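From first to last, the protein sequence lines are chains A and B.
Every letter in the first sequence is one number past the one before it in UniProt numbering, and letter 111, counting from 1, is 111.
Every letter in the second sequence is one number past the one before it in UniProt numbering, and letter 72, counting from 1, is 72.
Treat each hint with caution, since some may be false.
When the alpha-carbon atoms are kept at most 27 Å apart in a straight line, the in silico DSSO-like pairs for lysine-lysine are as follows [unchecked claim]:
#1 A:K229 x B:K77
#2 A:K104 x A:K128
#3 B:K65 x B:K77
#4 B:K227 x A:K77
#5 B:K65 x A:K227
Just so you know, the hints here were simulated from the structure itself, not pulled from any lab data.
Predicted, not measured: the structure shown is a model, and the values here were computed from it.
Number of protein chains: 2
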Amino acid sequence: MQETLNSWQAVHDEVLRRIHARDWAPGDLIPNETDLAAEFGCARATVNRALRTLAENGVLDRRRKAGTRVALHPISKAILDIPVIRHEIEQRGQTYGYVLLQQKLAVPQMQIQLAMHLAANTKLLHVKAVHMADNAPYVIEDRWINQNSVSGANSIDFSIISANEWLLSHAPYTHGDITFSAVAADAHKSELLAAQPGDALFEMHRTTWDHDIVITTVCLSYAPGHKMKTTL
Amino acid sequence: MQETLNSWQAVHDEVLRRIHARDWAPGDLIPNETDLAAEFGCARATVNRALRTLAENGVLDRRRKAGTRVALHPISKAILDIPVIRHEIEQRGQTYGYVLLQQKLAVPQMQIQLAMHLAANTKLLHVKAVHMADNAPYVIEDRWINQNSVSGANSIDFSIISANEWLLSHAPYTHGDITFSAVAADAHKSELLAAQPGDALFEMHRTTWDHDIVITTVCLSYAPGHKMKTTL
Numbered sequence: 001m002q003e004t005l006n007s008w009q010a011v012h013d014e015v016l017r018r019i020h021a022r023d024w025a026p027g028d029l030i031p032n033e034t035d036l037a038a039e040f041g042c043a044r045a046t047v048n049r050a051l052r053t054l055a056e057n058g059v060l061d062r063r064r065k066a067g068t069r070v071a072l073h074p075i076s077k078a079i080l081d082i083p084v085i086r087h088e089i090e091q092r093g094q095t096y097g098y099v100l101l102q103q104k105l106a107v108p109q110m111q112i113q114l115a116m117h118l119a120a121n122t123k124l125l126h127v128k129a130v131h132m133a134d135n136a137p138y139v140i141e142d143r144w145i146n147q148n149s150v151s152g153a154n155s156i157d158f159s160i161i162s163a164n165e166w167l168l169s170h171a172p173y174t175h176g177d178i179t180f181s182a183v184a185a186d187a188h189k190s191e192l193l194a195a196q197p198g199d200a201l202f203e204m205h206r207t208t209w210d211h212d213i214v215i216t217t218v219c220l221s222y223a224p225g226h227k228m229k230t231t232l
Numbered sequence: 001m002q003e004t005l006n007s008w009q010a011v012h013d014e015v016l017r018r019i020h021a022r023d024w025a026p027g028d029l030i031p032n033e034t035d036l037a038a039e040f041g042c043a044r045a046t047v048n049r050a051l052r053t054l055a056e057n058g059v060l061d062r063r064r065k066a067g068t069r070v071a072l073h074p075i076s077k078a079i080l081d082i083p084v085i086r087h088e089i090e091q092r093g094q095t096y097g098y099v100l101l102q103q104k105l106a107v108p109q110m111q112i113q114l115a116m117h118l119a120a121n122t123k124l125l126h127v128k129a130v131h132m133a134d135n136a137p138y139v140i141e142d143r144w145i146n147q148n149s150v151s152g153a154n155s156i157d158f159s160i161i162s163a164n165e166w167l168l169s170h171a172p173y174t175h176g177d178i179t180f181s182a183v184a185a186d187a188h189k190s191e192l193l194a195a196q197p198g199d200a201l202f203e204m205h206r207t208t209w210d211h212d213i214v215i216t217t218v219c220l221s222y223a224p225g226h227k228m229k230t231t232l
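So that you can see chain A by itself, here it is in the shape it has in the complex:
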């Protein structure tokens, strides 16, 4: 007989065990929450929390009326933490440094206008900087800020605080797009990163929005050898 399961973690582990053991195979409908709660001797809310977590992790497929099935095509999910760059460097135990290269109003190239869904010829605030770890270049921040949606951005001196850090506490966003890629360093990037032209760079492009108003788009180009880590 099944022992009583007291925590949602215990229910989570037992459900996962049955799926791993293929007692419940991919595509199978599993018992409903009421029956599982009775079997496990716990509250229905406890079962609900466990199943919800498994669904968020892509192990189960929950449909409002059709019940809960073991996912046919499990999609692994990983959560990426994207901290302020200064915190990222300090958490590595390194000393943070920062050099502002440029802060000016300009009309961005077409590709940026498209990413930000803005009309041609809209002037934006262009901020370019290098973040340093232990005096070595860590990442180039090449950013465009929609000054019309971020109040106060025009009067900030981004040589004192990075746009990366200032925006996060002054212009929160509701959602955003992120793209990761690998690119070869051009002459300009390799010079800023103390790298060789052609070196493979890890890049993150990110555009954030406050509802339907674009806040900012940024390209972060990391020095060669950068690794972004997470867990499954």
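Put chain B on the given structure of chain A with help from the hints.
Frame of chain A, contents of chain B only:
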């Protein structure tokens, strides 16, 4: 007067609005769930779900006894979907293809042994393949499988089904580590990917575990120009 909020999403949006408007500033203690439920005219469980989601997204900082505060250093979180490679390619509307290059028992190099926490000289199953999208190389899968922990792996013909796909449905894992990076293509990888030596490649290294037993470690090297996308 506050309108009644009927769903956890509505509570979530209202709390986020107050944080964006800085009615509740970084570091501020926010009202407890009971008071918020009374204010919003909803169940405490509804408030709980909303606050839990905001905490998971790094917007709030919840402490069991000390209450809930607006996060001082908000960490953005992005969820990465990591599907089976065949599904990834088919979802792009491309035709999937697959070429097995190698399947044999061997002792991996030191770096792999360390990633898998295995004793030196342990023989593992080495599977190497190229996944194709519309007949062009898409990604190299260079994988080591702990044959002692994955029953049946030794008798599978990985020219018929990729190890990537077979493992996901036959050797589920409890957790894993992922590292993303950019590397320059060496002669071997560039040949397999129809690329030039030195091209910047996006790579994912992933090691998965079933509790404390290692299942597999894989290096995925994507053809030049690959982009991994997600949302915030």
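Hints versus structure:
1. A:K229 x B:K77: 13 Å, holds
2. A:K104 x A:K128: 9 Å, holds
3. B:K65 x B:K77: 25 Å, holds
4. B:K227 x A:K77: Measuring from Cα to Cα gives roughly 17 Å; hence the hint holds.
5. B:K65 x A:K227: Violated, at about 36 Å.
Going down the numbered hints, you'll see the structure goes against just number 5.
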